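> Sequence:
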Amino acid sequence: MLLLRNFDKYKADYIQSYSIIQFSHLISLDMMVQNQYYIEQFLLDTKTHVPRLIELKLFYSHLKNVTKNFTRDATRHNCAHIKRLICYDTCDYPKKFDHYFPSLNIVSYPSST
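In case it helps, the UniProt record's numbering puts the sequence shown at residues 1 to 113.
What the hints contain is simulated information worked out from the structure, not anything from laboratory work. Keep in mind that a hint or two might mislead.
As the list claims (entries may be wrong) - Simulated DEER-style distance windows between Cβ atoms:
1) Thr90 <-> Pro51: 17 to 23 angstroms
2) Ser19 <-> Asp92: 32 to 38 angstroms
3) Ile86 <-> Phe23: 17 to 23 angstroms
These numbers were taken from a predicted model, which means no experiment stands behind them. Ideal placement from N, C-alpha and C gives every residue a C-beta, glycine not left out.
Construct all of the structure, not just a fragment, from the sequences and the given hints.
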């Protein structure tokens, strides 16, 4: 499991090009972060490869934005094997959501704020 917590705003002076990072044994990813940049870095198949990721925890609103309302092909591949999606805010699943997450069992924990 990888737990990523960052409540500071992301600051980048420049964007560098790197090789794709592979997390071969990562099965659970918990991203309670302020900036969607971090989520994008883990879900974009041009940045990261997570072939065994089966659990994802994050804010649904961030997921919706990063995946472009679940239509972005570049994030679909890293979401394909997720069996458990835990959202920290309210979820509103669009049509064809199950095509984006074909293995999914949905769990939602609305935040208390």
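> Now tell me if each hint is right for this structure.
Evaluation of the provided hints:
1. The beta-carbon spacing between Thr90 and Pro51, approximately 30 angstroms, falls outside the hinted interval of 17 to 23 angstroms.
2. A beta carbon spacing of about 36 angstroms between Ser19 and Asp92 agrees with the range 32 to 38 angstroms that was offered as a hint.
3. Taking the beta carbon of each, Ile86 and Phe23 are about 18 angstroms apart, inside 17 to 23 angstroms as hinted.
Consistency note: the structure conflicts with earlier hint 1 alone.
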